[in-house]
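Sequence order for the protein chains is A and B.
Numbered according to my numbering, the first sequence spans residues 1 to 591.
Numbered according to my numbering, the second sequence spans residues 1 to 301.
It is worth saying that the hints were derived from the structure and are not from the lab.
Check the hints yourself; a few may be wrong.
Some but not every residue of chain B turned toward chain A, in silico, with C-beta under 10 Å [unchecked claim]:
no.	residue
1	P71
2	Q86
3	L90
4	L101
5	R123
6	G164
7	R209
8	L224
9	P296
10	R297
Derived contacts from chain A toward chain B, CB cut-off under 8 Å, selection only [what the hints assert, rightly or not]:
no.	residue
11	L55
12	N58
13	L113
14	E115
15	H149
Chain B residues, not near chain A, derived (Cβ > 12 Å throughout) [what the hints assert, rightly or not]:
no.	residue
16	P8
17	M20
18	A34
19	G67
20	T79
21	I133
22	V147
23	V200
24	Y216
25	V243
26	S259
Yeah, the Cβ is synthetic: ideal placement off N, Cα and C, and Gly gets one too.
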Amino acid sequence: MELLRLRNLTVQYPDTQQPAVSSLSFSIDRGESVGLVGESGSGKTQTALAIMGLLPANAHYSGSICIDNQELLGASVAELNRVRPGRVAMVFQDPQASLNPYVSIGDQLRRILLEHRFCPSAEARSRTLHMLGRVGLPDPERQYRSYPHQLSGGMRQRVMMGAALLGDPDLLIADEPTTALDVTVQAQILALLGALREETGAALLLITHDLGVIAHHCQRTIVMDHGRALEDRTTHELFAAPSSEKMQQLLHAAPCISRDCDTLATPAGAPVVLEIDAVAVSFDERRGGASRTLNAVRPFSLALRTGETIAIVGESGSGKTSLARAVVGLNATTQGTVSFQGSRLAATVSARSRAHHRDLQMVFQDPLASLNPAMRVADIVEEPLRVHAEATDRRDQVVAESLRRVGISEAFFDRFPHELSGGQAQRVAIARALILNPKVLICDEAVAALDGTVQEEILALLREEQQRSGLAIIFITHDLAVVRQISHRVVVMYMGRAVETAPCEQLFRRPKHPYTKALLDAVPQPDPTIRQAVTPLVGEIGSIISPPDGCPFNPRCELAIKICSETLPPLSGNGAGLVACHRAEELDLTY
Amino acid sequence: MRILGAIPTLLLVIAVAFLMVRAAPGGPFDSERALPPDVEQNIEKAYHLDEPLPAQFVRYLAGIAVGDFGPSFRYRDYTVSEIIRQAFPLSMRLGAMAMLLALIVGVSAGMAAALHKNSMLDRLISAVAMLGISVPIFVVAPLMVLVFAVSLDWLPASYAGSAGADRLIMPIIALALPQIAYIARLTRASMIEIMASDFVRTARAQGLRTASIIRYHAIKPAMLPLLSYMGPAIAAVLTGSIVVEQVFGIPGVGQFFISGALNRDYTLVLGITVFYAVIVIVLNLVVDLLYGFLDPRIRSR
Numbered sequence: 001m002e003l004l005r006l007r008n009l010t011v012q013y014p015d016t017q018q019p020a021v022s023s024l025s026f027s028i029d030r031g032e033s034v035g036l037v038g039e040s041g042s043g044k045t046q047t048a049l050a051i052m053g054l055l056p057a058n059a060h061y062s063g064s065i066c067i068d069n070q071e072l073l074g075a076s077v078a079e080l081n082r083v084r085p086g087r088v089a090m091v092f093q094d095p096q097a098s099l100n101p102y103v104s105i106g107d108q109l110r111r112i113l114l115e116h117r118f119c120p121s122a123e124a125r126s127r128t129l130h131m132l133g134r135v136g137l138p139d140p141e142r143q144y145r146s147y148p149h150q151l152s153g154g155m156r157q158r159v160m161m162g163a164a165l166l167g168d169p170d171l172l173i174a175d176e177p178t179t180a181l182d183v184t185v186q187a188q189i190l191a192l193l194g195a196l197r198e199e200t201g202a203a204l205l206l207i208t209h210d211l212g213v214i215a216h217h218c219q220r221t222i223v224m225d226h227g228r229a230l231e232d233r234t235t236h237e238l239f240a241a242p243s244s245e246k247m248q249q250l251l252h253a254a255p256c257i258s259r260d261c262d263t264l265a266t267p268a269g270a271p272v273v274l275e276i277d278a279v280a281v282s283f284d285e286r287r288g289g290a291s292r293t294l295n296a297v298r299p300f301s302l303a304l305r306t307g308e309t310i311a312i313v314g315e316s317g318s319g320k321t322s323l324a325r326a327v328v329g330l331n332a333t334t335q336g337t338v339s340f341q342g343s344r345l346a347a348t349v350s351a352r353s354r355a356h357h358r359d360l361q362m363v364f365q366d367p368l369a370s371l372n373p374a375m376r377v378a379d380i381v382e383e384p385l386r387v388h389a390e391a392t393d394r395r396d397q398v399v400a401e402s403l404r405r406v407g408i409s410e411a412f413f414d415r416f417p418h419e420l421s422g423g424q425a426q427r428v429a430i431a432r433a434l435i436l437n438p439k440v441l442i443c444d445e446a447v448a449a450l451d452g453t454v455q456e457e458i459l460a461l462l463r464e465e466q467q468r469s470g471l472a473i474i475f476i477t478h479d480l481a482v483v484r485q486i487s488h489r490v491v492v493m494y495m496g497r498a499v500e501t502a503p504c505e506q507l508f509r510r511p512k513h514p515y516t517k518a519l520l521d522a523v524p525q526p527d528p529t530i531r532q533a534v535t536p537l538v539g540e541i542g543s544i545i546s547p548p549d550g551c552p553f554n555p556r557c558e559l560a561i562k563i564c565s566e567t568l569p570p571l572s573g574n575g576a577g578l579v580a581c582h583r584a585e586e587l588d589l590t591y
Numbered sequence: 001m002r003i004l005g006a007i008p009t010l011l012l013v014i015a016v017a018f019l020m021v022r023a024a025p026g027g028p029f030d031s032e033r034a035l036p037p038d039v040e041q042n043i044e045k046a047y048h049l050d051e052p053l054p055a056q057f058v059r060y061l062a063g064i065a066v067g068d069f070g071p072s073f074r075y076r077d078y079t080v081s082e083i084i085r086q087a088f089p090l091s092m093r094l095g096a097m098a099m100l101l102a103l104i105v106g107v108s109a110g111m112a113a114a115l116h117k118n119s120m121l122d123r124l125i126s127a128v129a130m131l132g133i134s135v136p137i138f139v140v141a142p143l144m145v146l147v148f149a150v151s152l153d154w155l156p157a158s159y160a161g162s163a164g165a166d167r168l169i170m171p172i173i174a175l176a177l178p179q180i181a182y183i184a185r186l187t188r189a190s191m192i193e194i195m196a197s198d199f200v201r202t203a204r205a206q207g208l209r210t211a212s213i214i215r216y217h218a219i220k221p222a223m224l225p226l227l228s229y230m231g232p233a234i235a236a237v238l239t240g241s242i243v244v245e246q247v248f249g250i251p252g253v254g255q256f257f258i259s260g261a262l263n264r265d266y267t268l269v270l271g272i273t274v275f276y277a278v279i280v281i282v283l284n285l286v287v288d289l290l291y292g293f294l295d296p297r298i299r300s301r
């Protein structure tokens, strides 16, 4: 039975040539789960906003959107409010921004019930509490009184799902519901979404750029590009034989952690260029009168060789960014030393010598935020040369050369950062980092904000640069698929500690730490034929303010035994990998 | 903690005011006819003006610490504290009424403009607000007198010349006008920002009527910038009232401040300055505390 039908939906904004959505037609049956996939700017979100009646005032639209033969496109607010959220509800991408920071969780949800008279006002509170429990929030009474900032990202998205389901909708639209979340939390939220859908029989329109998510949660998939639908087929058929070139591209660029990739050989016998020796980072936090110490990074050691890439992976809160910043000197180390080519580096960047600045460079996560918006591309890349008084007579030439090497053509040299795409901006940031020919490059989530195909291009660029110049790279990421594509060795961090380090291939084939295995299990595979672990890792990363006794991972570990909650396992091992797990020897984990 | 933090600010204000009053040419007892030197000496001695400046400052601070602003140099039989006590209630009434009017009209106009962004109404409100900000009180007030008192004869031209309640209407409006303009602009900007936020979009997706969205989601965050503005607004109304009281002949603190300044009545000018400084600092403190209470993200810190 048909529930939603779009006919020739076109959405156009003034001052743009191409419509955001162009003659889009598709339908969704009752109880069906449909994926909408495409890169950023392909019109996915615009489609969702059109269905919800949320297009901005300056959008021009035409066509038709019907739910049970009721026209939604162009309907009045009063008409729309009879449909949302009782028939159609939506979960947005960023749960932090989507919740009102000034209103308690309970009041935000209760308001929906009261507004639509979904229940007598006396029951609103208990209905809300019940819903908070249904979406898997522990201690609903407490969450009811909480404000959004007191909840973790995963919990906030659970709240958003609860809010969407209060009206018991026939169709749930989820727009990148897990993009802002860690991979283990993503697995939890997607499992919850599946369970709730089964329970309520609601249809699902899942919007995502992640083919892995689509492969396992949607019966049918629509591929969008430049506002048009390229394919609309069952997910199995689509993945087995994509007919459009775009889908083939997307599939090719999709993160692959189980399929074979070109593996990188560790450079043998290369000299150690950067040595991190027992570095720890802690912050003092004052709360009221009492001050306490947050141990972001526990003593951590690592040796990086010329031409080598070491990936540091972990969920948010694992301390990976604090470590990277400490290595570059952006925040001071509390103990331990960082040595570059055998000479000890000062703790902060301002105390380091010019030469060390040049040798250690960093690329940040958000390329637009890390480029000065008032400077032109060529000036941005030239700046390090000016600061270091280098190549005074042929600067333009050096700048042009290094921009061309990262794939930025002459036409872009005079542009400002906001005139670049995300991928181009990150290329510029990389050119700026590489122009002084550093020995070590530290990339902090450098491709996290980019689309799959662009990600792949940037990673290829870094690999090329490494082969050309012997650059050593520390690559901080939460994305295991990226790790696989770029690194020789991997360090897995959990609550400020390294829990496993291993050569890349070994880590993916034979993870030794249960946490590593859980991370691998949580990555959705872009292949609907692979059966994935159904029980995602429970809970969320603990608080570094009060870490658990023993192994930091033990409260979430299915394999924990008595000793795990008593003593901290040391990082030890023989051969190529090290692991901090009491049961590493006896367990035989494979992926 | 916050209250202790205000003390250095206050000390600085007192010190600067103390020095600036002394820096003005002439003295409190200068007049057309020069006094005999021995009389002048006696007077200076009586008011401790013969002591070195630092000693005078310390003496003054010691007095303030026990709430004594010293005697007025001109109003011979009054202390500064007595003058303030007599004049302040009237000034406070004027200021409070003006502030209230500014809030009611400013917030309403700002909200109306924000909710009908880019409409004729919005443009009209924005244009009038711009005018209100750019035309100073000392231009508006006499113009009002000219139009409403002299030409139309609707309202009394001065406070002193009338006994009716309507003698405060023009002063209140004159004092409120620039504040109405500022508040309307501020409300408009913050309301537009909040209504474009993701959480308001979520509330729309949840089918909340615009009225409910404003009431339950938007009004509080939209009003917070206004709360921060209350500190500067109060300071502006206090200084504005000095002009308005002068124009309309209202015997409030402002009148005494101006006559004190003209007469080099050191203690009176200083006393009023310090008194107003205390009011501004205290109200700013209250605003800060209130802000912390209203924003849950600050509250839980």
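Original post:
Failing hints, ascending?
Top reply: 1, 2, 3, 4, 5, 6, 11, 12, 13, 23, 24
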